[in-house]
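*Asks:* Okay, here's what each chain looks like letter by letter:
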Amino acid sequence: MDSSEIARIRFVSENFGRLQGLRWACEYMAVLGYLWAYPRLARGGDEVLEGLLVFIVLCVFLLGVYWARQRAQEYYAERFGSTVAGDRNRRMDVAAYAALAGATVYDFTRLGVGGPSALLVTVAALTTMRAALDWPWRRHLAAAGALFGTMVLLMPLPVSGDHVRYVHTVGTILCTAGIVTGLLDHRLLRSVMARRDALAGEGL
Amino acid sequence: VTTPYEHLSALNRLVHEPARLAILTALSACEEADFLFLLNVTGLTKGNLSSHLSKLEQANLVLIRKAFEDRRPVTYVRLTDEGHAGLAEYWDRIDEVRKGIPALTPVKQT
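Chains Y and U, in that order, are what the protein sequence lines are.
Just so you know, we're using my numbering here: the first sequence kicks off at 1 and counts up by one.
Just so you know, we're using my numbering here: the second sequence kicks off at 1 and counts up by one.
Please keep in mind that the hints were generated in silico from the structure rather than gathered at the bench.
Cβ atoms here follow ideal geometry from the backbone N, Cα and C, with glycine treated the same way.
Just so you know, not all the hints are guaranteed correct.
Said to hold, decoys possible - Here are some chain Y residues pointing at chain U (derived, C-beta under 10 Å):
id	residue
1	Ile6
2	Arg10
3	Phe11
4	Glu14
5	Gln70
6	Ala72
7	Gln73
8	Phe80
9	Val84
10	Leu133
11	Asp134
What the hints assert, rightly or not - Here's a subset of chain U near chain Y, in silico, CB distances under 8 Å, partners left out:
id	residue
12	Tyr5
13	Ala10
14	Leu11
15	Glu32
16	Ala33
17	Asp34
18	Phe37
19	Asn40
20	Val41
21	Ala59
Between the sequences and the hints, there should be enough to build the whole structure, so can you do that?
*Replies:* Here is the structure:
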């Protein structure tokens, strides 16, 4: 067993939850579906009826996400097993979610003012940091980080006007990148796990 | 001064064995893992994994917990404090061996 084998085992064990890309891909697909459905539902007609319709569609999407997530979780548990992440990983994830939530709230308070989007800056920074921490395994995250970095420059917050269109465009790109990276993470997990007999003949 | 040979001879044989080192490495990077995960990540057979886990449990390096989930038995394994310390000590010794190797001079044969 060489050092690359040790590095592989440590990487998989440490990042097993993060590599379960189908779980994230399902969530991003649902958000993307909702983003595309929303403008078609809210067309400025009867407010009560539209509100009810948007609420029902949101509930259907949330149920769909829950169902798909459960199935994906079952698939991973039955196919690859399960782990409980270490405290350090949990703390990092909570910090990342808090940063994203804070950036989103900050962006919403500044819509109409213009300037770079705090959400995009945060996503670009977090994605690049994750790509660096998991180098060279999750190289595809570096491409995603570069994409979000470019978006920071090309898509500042709107100075005035159509906020819905901005959220729609940014959300579409974020979700599409999330789906692609989720599928690539899933493929990576399959490839790094498929090492049967790696230790065969080593004094077993 | 301790030589690389002395560090090598002081390595914990229980940890140094490749399959057990793989198991301990996997467990050191998470809080707890189930048997199926260890089976997949190490590439060992069920029999080999069970046998190595028993040895590690006897040496108090891992803690094995059996539970039922959806009426199916699941075995969870985690490193004990002793296991964490043993693995850390093992890597420290390996580092010492690595550092000491360049200082060794070949013996000239006459």
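*Asks:* Holds or violated: Asp134 of chain Y as interface residue toward chain U, Cβ cutoff 10 Å?
*Replies:* violated (13 Å)
*Asks:* Can Asn40 of chain U be said to touch chain Y, with a Cβ gap under 8 Å?
*Replies:* Holds, because the Cβ-Cβ distance from Asn40 of chain U to chain Y comes to roughly 5 Å (cut-off 8 Å).
*Asks:* Hey, does the Arg10 of chain Y contact hint survive, CB to chain U under 10 Å?
*Replies:* holds (5 Å)
*Asks:* Return the status of the interface hint for Asp34 of chain U: holds when the least beta-carbon distance to chain Y is below 8 Å, violated otherwise.
*Replies:* Since chain Y brings a Cβ to about 5 Å from Asp34 of chain U, closer than 8 Å, the hint holds.
*Asks:* Is the interface hint for Leu11 of chain U satisfied, with its Cβ closer than 8 Å to some Cβ of chain Y?
*Replies:* violated (14 Å)
*Asks:* Hint Ala72 of chain Y vs chain U: min CB-CB distance below 10 Å?
*Replies:* violated (16 Å)
*Asks:* Quick check on the hint: Tyr5 of chain U CB to chain Y CB, less than 8 Å?
*Replies:* Since chain Y brings no Cβ nearer than about 21 Å to Tyr5 of chain U, farther than 8 Å, the hint is violated.
*Asks:* Taking 10 Å as the limit, does the beta-carbon of Ile6 of chain Y come near enough to a beta-carbon in chain U?
*Replies:* Hint holds; Ile6 of chain Y Cβ to chain U Cβ min 6 Å, cut 10 Å.
*Asks:* Identify whether the interface hint at Val84 of chain Y stands, where standing means a beta carbon of chain U within less than 10 Å of its own.
*Replies:* This hint holds: Val84 of chain Y lies near chain U, its Cβ roughly 4 Å from the closest one there, short of 10 Å.
*Asks:* Would the hint on Leu133 of chain Y be counted as holding, given a Cβ-Cβ threshold of 10 Å to chain U?
*Replies:* At about 13 Å, which exceeds the 10 Å cut-off, the nearest Cβ of chain U leaves the hint on Leu133 of chain Y violated.
*Asks:* Is the shortest C-beta separation between Ala10 of chain U and chain Y less than 8 Å?
*Replies:* violated (20 Å)
*Asks:* Holds or violated: is there a CB of chain Y closer than 8 Å to the CB of Val41 of chain U?
*Replies:* Interface hint status for Val41 of chain U: holds (5 Å vs cutoff 8 Å).
When held up to the earlier numbered hints, the structure conflicts with 5, 6, 7, 10, 11, 12, 13, 14 and 21 and fits the remainder.
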